[in-house]
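*Asks:* Place chain B on chain A using the hints.
Quick note, the sequences are listed as chains A and B, same order. The first sequence finishes on residue 113 if you use my numbering, and the numbering steps up by one all the way, no holes. The second sequence finishes on residue 114 if you use my numbering, and the numbering steps up by one all the way, no holes.
Just to be clear, a hint being listed does not mean it is correct.
Claimed, not checked - Below 30 Å or equal to it, Euclidean Cα-Cα: the simulated BS3-like pairs (lysine-lysine) are: (1) A:Lys42 / B:Lys9; (2) A:Lys22 / B:Lys41; (3) B:Lys44 / A:Lys57; (4) B:Lys67 / A:Lys42; (5) A:Lys42 / B:Lys52; (6) A:Lys42 / B:Lys40; (7) B:Lys40 / A:Lys37; (8) B:Lys19 / B:Lys44; (9) B:Lys44 / A:Lys37; (10) A:Lys37 / A:Lys22; (11) B:Lys40 / A:Lys71; (12) A:Lys22 / B:Lys40; (13) B:Lys52 / A:Lys37; (14) B:Lys22 / A:Lys37; (15) B:Lys71 / A:Lys37; (16) B:Lys41 / A:Lys37.
Said to hold, decoys possible - Pairwise CB distance ranges (calculated): (17) A:Ser28 / B:Pro8: 36 to 46 Å; (18) B:His73 / A:His7: 29 to 39 Å; (19) B:Asn51 / A:Ser26: 24 to 34 Å; (20) B:Ser80 / A:Val20: 39 to 49 Å; (21) B:Thr112 / A:Ser110: 40 to 50 Å; (22) B:Ser20 / A:Gln14: 28 to 38 Å; (23) B:Asn79 / A:Ser97: 25 to 35 Å; (24) B:Asn26 / A:Ser97: 20 to 30 Å; (25) B:Asn51 / A:Asp17: 45 to 55 Å; (26) B:Leu54 / A:Glu5: 24 to 34 Å.
FYI, nobody ran anything at the bench for these hints, they're computed from the structure. All of these numbers come straight from a predicted model, not from anything done at the bench. Even for Gly, the Cβ is constructed at its ideal location relative to N, Cα and C.
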Amino acid sequence: GENVEQHPSTLSVQEGDSAVIKCTYSDSASNYFPWYKQELGKRPQLIIDIRSNVGEKKDQRIAVTLNKTAKHFSLHITETQPEDSAVYFCAASMGSSASKIIFGSGTRLSIRP
Amino acid sequence: DTAVSQTPKYLVTQMGNDKSIKCEQNLGHDTMYWYKQDSKKFLKIMFSYNNKELIINETVPNRFSPKSPDKAHLNLHINSLELGDSAVYFCASSQFTGGGGELFFGEGSRLTVL
Chain A
1 GENVEQHPST LSVQEGDSAV IKCTYSDSAS NYFPWYKQEL GKRPQLIIDI RSNVGEKKDQ
61 RIAVTLNKTA KHFSLHITET QPEDSAVYFC AASMGSSASK IIFGSGTRLS IRP
Chain B
1 DTAVSQTPKY LVTQMGNDKS IKCEQNLGHD TMYWYKQDSK KFLKIMFSYN NKELIINETV
61 PNRFSPKSPD KAHLNLHINS LELGDSAVYF CASSQFTGGG GELFFGEGSR LTVL
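Isolated chain A, as found in the complex:
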C-alpha cells in the first residue's frame, strides 16, 4: 500500500545539538520527498524538499538525504535552536503519476535550553 513511516514520534535534544528524523516509503516510483514543519496551532509549511535524482540537499542548518535503493530519507537539523521546536512531517509523492503527497505520522521535536 501507499505508506510513509516516520521515526521517532518524539525527539528531545539539547539546544545546539543535532536532530535526525528518519522516514521510509513503500512506493519505489516515488520521486519527490518534501519535509514540512508545523508549529503549534499553525499550518504545515515546507522547509526543504528533495527529488529522486539527488542524494543530498542542504539549506543552512537543515539537510535531507535520500537512499532510493533502501527507500528511506532523513532530515538533519544542526545547531538546534528553540525556534526549531515543532512537529516535523516527512512526505512522499505516490499514486498514479505521483499525483498525491502522502505524509508520515510526524515527529514532535523539543529543544531543551
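*Replies:* Positioned in the frame of chain A, the structure of chain B alone reads:
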C-alpha cells in the same frame, strides 16, 4: 494577501448536522486538496482537484462531498456529521499535481462535533 484562505476557522456543531468549509487560493495554482488532521496529528489526504476535475478520492465516506466551482475554489460539504469527524481540515494548493512541488496550506478549519 493570504495565499490560501479557509472559512470558517472554527466550527462547533451537533451530531447529525450538515456543514460546509470554503477554501480559496489566489496563487493561480491548478491543483487543490483537502487534508484531515486528527487529534494525533496524522495528516491524511482526502481529495484532490486539478482544474476543477476530481483526481483523488481517498475512500472518504459519501457524507463528504467536495465541490470546485473554479480552479481557485474548493469547498467541502459534510452531511450527517459524526463524532469521528472532529478534526482540523486543511485546504492546500500546488502549482503542479503531487510530485510537482510545494503544498501551500490554509490556516485550517477546526471542526468539533458534539
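*Asks:* A separate judgement is required for each hint: does it hold in the structure or not?
*Replies:* Here is how each hint holds up against the structure:
1. At most 30 Å may separate the alpha-carbon atoms for a hinted pair to count; Lys42 of chain A and Lys9 of chain B meet this at roughly 12 Å.
2. Distance restraint check for Lys22 of chain A and Lys41 of chain B: the Cα-Cα separation of roughly 17 Å lies within the 30 Å cut-off, and the hinted pair is therefore satisfied.
3. Under the criterion of a C-alpha separation no larger than 30 Å, the hint pairing Lys44 of chain B with Lys57 of chain A is consistent with the structure, at around 26 Å.
4. At most 30 Å may separate the alpha-carbon atoms for a hinted pair to count; Lys67 of chain B and Lys42 of chain A meet this at roughly 25 Å.
5. With a C-alpha separation of about 27 Å, the suggested pair Lys42 of chain A and Lys52 of chain B falls inside the 30 Å cut-off, and the hint holds.
6. Of the pairs offered as hints, the one joining Lys42 of chain A and Lys40 of chain B holds, with about 15 Å between alpha carbons and a cut-off of 30 Å not exceeded.
7. Distance check on the hinted pair: Lys40 of chain B and Lys37 of chain A sit about 16 Å apart at the alpha-carbon level, within 30 Å; holds.
8. With a C-alpha separation of about 20 Å, the suggested pairing of Lys19 of chain B with Lys44 of chain B holds against the 30 Å cut-off.
9. Restraint check: the Cα-Cα separation between Lys44 of chain B and Lys37 of chain A comes to about 16 Å, which is no more than 30 Å; the hinted pair holds.
10. For the proposed pair Lys37 of chain A and Lys22 of chain A, the alpha carbon gap of about 14 Å is at most 30 Å, so the pair holds.
11. Taking the CA atoms of Lys40 of chain B and Lys71 of chain A, the gap is near 25 Å; set against the 30 Å cutoff, the hint holds.
12. Distance check on the hinted pair: Lys22 of chain A and Lys40 of chain B sit about 19 Å apart at the alpha-carbon level, within 30 Å; holds.
13. Between Lys52 of chain B and Lys37 of chain A, the direct Cα distance comes to roughly 29 Å. Compliance with the 30 Å bound is thereby established for this hinted pair.
14. Using a Cα cut-off of 30 Å, the hinted pair Lys22 of chain B and Lys37 of chain A holds, with the two alpha carbons roughly 24 Å apart.
15. A distance of roughly 27 Å separates the Cα atoms of Lys71 of chain B and Lys37 of chain A; the hinted pair therefore holds under the 30 Å criterion.
16. With a C-alpha separation of about 12 Å, the suggested pairing of Lys41 of chain B with Lys37 of chain A holds against the 30 Å cut-off.
17. For the hinted restraint 36 to 46 Å between Ser28 of chain A and Pro8 of chain B, the CB-CB distance of approximately 41 Å keeps it satisfied.
18. For His73 of chain B and His7 of chain A, the Cβ-Cβ distance of about 38 Å falls inside the hinted range of 29 to 39 Å, so the restraint holds.
19. Range check, Asn51 of chain B to Ser26 of chain A: about 29 Å between beta-carbon atoms, so the 24 to 34 Å window is met.
20. In this structure the hint that Ser80 of chain B and Val20 of chain A lie 39 to 49 Å apart at CB holds, the actual value being about 44 Å.
21. At about 27 Å, the beta-carbon gap between Thr112 of chain B and Ser110 of chain A misses the expected band of 40 to 50 Å.
22. In this structure the supplied range 28 to 38 Å is violated for Ser20 of chain B paired with Gln14 of chain A, their Cβ-Cβ distance being about 47 Å.
23. The hinted window of 25 to 35 Å between Asn79 of chain B and Ser97 of chain A holds, with their beta carbons roughly 31 Å apart.
24. Remark: the range hint 20 to 30 Å for Asn26 of chain B to Ser97 of chain A is upheld by a beta-carbon distance near 26 Å.
25. A C-beta distance of roughly 46 Å is found between Asn51 of chain B and Asp17 of chain A, which places it inside the suggested range of 45 to 55 Å.
26. Taken as a hint, the range 24 to 34 Å holds for the pair Leu54 of chain B and Glu5 of chain A, whose Cβ atoms sit roughly 28 Å apart.
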